[in-house]
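Asker: These are the residues of each chain, in order.
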Amino acid sequence: MEKSLTWREFIITRLIQTSGYSAILFVALIFFFLLREGLPALGEAKLSELFNIRWYPIENYFGILPLLTGSLIVTIGAGLIAVPFGIGTAVYISEIAPRWMREILKPLVELLGGLPSVVLGFLGILVLSPFIRVFLDLPTGLTALTGSILLGGIAVPTVVSVAEDALDAVPRAYREGAWALGATRWQTIWRVTLPAAKSGVLTAIMLGVGRAIGETMTVMMVTGNAPVLAIKLGSLFSPVRTMTATIAAEMGEVASGSTHYHVLFFIGMVLFLISLGVNIAASSVVFRAKKRAERILS
Amino acid sequence: MKHAIAIFLIFSFIITSCGPTSSAAVTASDSQAAYIENKGSDTIVNLALAWAEKYQSDHPDIRISVTGGGSGTGIASLLNKTVDIANASRKIKAEELDQAKANGVDPVEHIIARDAIAVIVNPENPVNELTLQQISDIYSGKLTNWSEVGGEDRPIVRLSRETNSGTHVYFLETVLRLGSKEDKTLFSMDTLLLPSSEGIIAEVRQNPNAIGYDGLGYVPKDLKMIAIAKETGGAYVLPSIATVNDKTYAIARDLYMYTNGEPTGAVKDYLDWILSPEAQQIVADLGFVPALNPNPSP
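If you read the protein sequences in the order shown, they are chains Y and F.
Take the first sequence: its position 158, counted from the start at 1, is 158 in my numbering, and no numbers get skipped.
Take the second sequence: its position 83, counted from the start at 1, is 83 in my numbering, and no numbers get skipped.
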């Protein structure tokens, strides 16, 4: 009897262990595959060609700078929209809203998170982009801004649900302590609750930004996909082409093993490294914050 | 597209290998007639697949295998006598004819459909007609305002299909480079590359600044097609089935099938059927222009 129990225990532990390790294995395999398919690009196209400002693969122009800057500007725009909105909504749901309001808001936000991005893309083409063109008097409504707004909308539910969980996890005693010291509600939120939930809120932001930079369908539909170097402030109001949209649009027809094919994988590699960088930066901030908290407590 | 070809190949392979009794019997009695090998242009491949599918469902004893690969590949295979019908979106070249003579092949040309590209603008745009040179200058970025071609003072927003589309390449060669091989003109960098015909149509429909192009069969009635003159001072011609067939419309080409000698047996039946109203209806459904005058070759 006892023996079978330990056996069962052993198998279950191993199963859980395997599923834990499998995540590392998959990431490693994916990265290995990206390297294998993407690195030959460095041999086939010169670095100066890769970091050029013209992307026109069918005539062998493989400058990825427009795509890189396009992705960055759309993601930064989306972050600027999603972070204040998402955290504001999370604070409202967790700290301010009455119970019945919270019961309505939370499922609604989660529903928004479940919207397929292609549907948002359609809304973007048919409603948002004409509106932006007329409202801002631009030549076309298919701009980085349109993409940013929709991506912000896509990232908000992620930010809200993670940040709200983190705020919820802050012990009630923290708030009561602040109120007892005479802090207003706003002071409590800004000085006590939010800092206490800092690591969770940062995770929320990171996941939101990650969602935005990896999003493909919506961006492909509404940003116009013109490979123009996007480094001026005005670039936000003109069409851009992102890395994800480029891969999605061109991978289907590219001849396997050609320079173009390798360059597309190289772009995938760059995307992977960017999201890895975002992850590492965020977790190091979280880690440092934790250490500091431990020092104060000890 | 490649997937479609692959799937079709697998499918036809399965059919031929899984139906031993019927197909073997037919092949035995009437060897080269029952199986038609059809290869060539990627522009035509979807059309050829649609034809083959319909024809095979009406004639269960005929097997047609369709592959793409490009016009050159198709003609080369015809010259090597490995296919019965070669698809080409261009006329056979002189050097290919020499090669044919050397191989004892007599390529016979059949015009099976026509392909025309309409240049479209928003109905609010007062511009009705442009020369080919003007369209080239618009897309290469030399002209940036509609007032330069007799329109209102509005910026021009250029819309194009993605670079992997055959239509994009054809437009680049025929319009931007005006058919000249030495000309290395490229699309202006800020040309919006949209992933689908629908994307172009949606943007042109709501944006009076936009200019786009699309296969004649795909243009909806509520958009305005531009009348095009081949050279300055020439007559402006609107695209239509009639003007494409009498060659007065500039951005159009014939689509060909080549056979070795005058077709006989099953190949002749198939080509005759292709020029029938039923098969030409499929041409129209796929956005091409039906070939009105059947087989011009002697």
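Keep in mind that the hints were calculated from the coordinates and are not lab data.
Take these hints with a grain of salt, some might be off.
Claimed, not checked - As a list, the in silico SDA-like pairs of lysine to any residue whose alpha-carbon atoms are at most 25 angstroms apart: (1) F/Lys-91 <-> Y/Tyr-21; (2) F/Lys-224 <-> Y/Gly-114; (3) F/Lys-221 <-> F/Thr-185; (4) F/Lys-93 <-> Y/Glu-59; (5) F/Lys-142 <-> Y/Arg-54; (6) F/Lys-181 <-> Y/Ser-258; (7) F/Lys-224 <-> F/Glu-124; (8) Y/Lys-198 <-> Y/Asp-137; (9) F/Lys-142 <-> Y/Asn-52; (10) Y/Lys-232 <-> Y/Phe-10; (11) F/Lys-224 <-> F/Ile-201; (12) F/Lys-142 <-> F/Lys-184; (13) Y/Lys-46 <-> F/Glu-124; (14) F/Lys-224 <-> Y/Thr-13; (15) Y/Lys-232 <-> F/Thr-144.
These numbers come from a predicted model, not from an experiment.
Asker: Does the structure keep Y/Lys-232 and Y/Phe-10 at a Cα separation of 25 angstroms or less?
Answerer: violated, 59 angstroms
Asker: F/Lys-142 and F/Lys-184 were given as a pair; does the straight-line alpha-carbon distance stay at or below 25 angstroms?
Answerer: holds, 14 angstroms
Asker: For the pair supplied as a hint, F/Lys-91 and Y/Tyr-21, is the alpha-carbon distance within the 25 angstroms limit?
Answerer: violated, 59 angstroms
Asker: If you draw a straight line from the CA of Y/Lys-46 to the CA of F/Glu-124, is it 25 angstroms or shorter?
Answerer: Distance ~47 angstroms between Y/Lys-46 and F/Glu-124 Cα, so the pair is violated.
Asker: Hinted pair, alpha-carbon criterion (25 angstroms max): F/Lys-224, F/Glu-124. Please report holds or violated.
Answerer: holds, 9 angstroms
Asker: If you draw a straight line from the CA of F/Lys-224 to the CA of Y/Thr-13, is it 25 angstroms or shorter?
Answerer: Given that 25 angstroms is the threshold and the Cα spacing comes to 68 angstroms, the pair is violated.
Asker: Regarding the pair F/Lys-142 and Y/Arg-54, is the alpha-carbon distance no greater than 25 angstroms?
Answerer: Answer holds: F/Lys-142 to Y/Arg-54 is near 17 angstroms, not above 25 angstroms.
Asker: Given the hint that Y/Lys-232 pairs with F/Thr-144, does the C-alpha gap stay at or below 25 angstroms?
Answerer: holds, 20 angstroms
Asker: For the pair supplied as a hint, F/Lys-93 and Y/Glu-59, is the alpha-carbon distance within the 25 angstroms limit?
Answerer: At roughly 23 angstroms apart (the allowed maximum being 25 angstroms), Y/Glu-59 and F/Lys-93 satisfy the hint.
Asker: Between F/Lys-224 and F/Ile-201, is the straight-line Cα distance small enough, at 25 angstroms or below?
Answerer: holds, 11 angstroms
Asker: Is F/Lys-221 within 25 angstroms of F/Thr-185, Cα to Cα?
Answerer: violated, 32 angstroms
Asker: Going straight from one Cα to the other, do Y/Lys-198 and Y/Asp-137 come out at no more than 25 angstroms?
Answerer: violated, 40 angstroms
In this structure, the earlier hints numbered 1, 2, 3, 8, 10, 13, 14 are contradicted, and the remaining ones agree with it.
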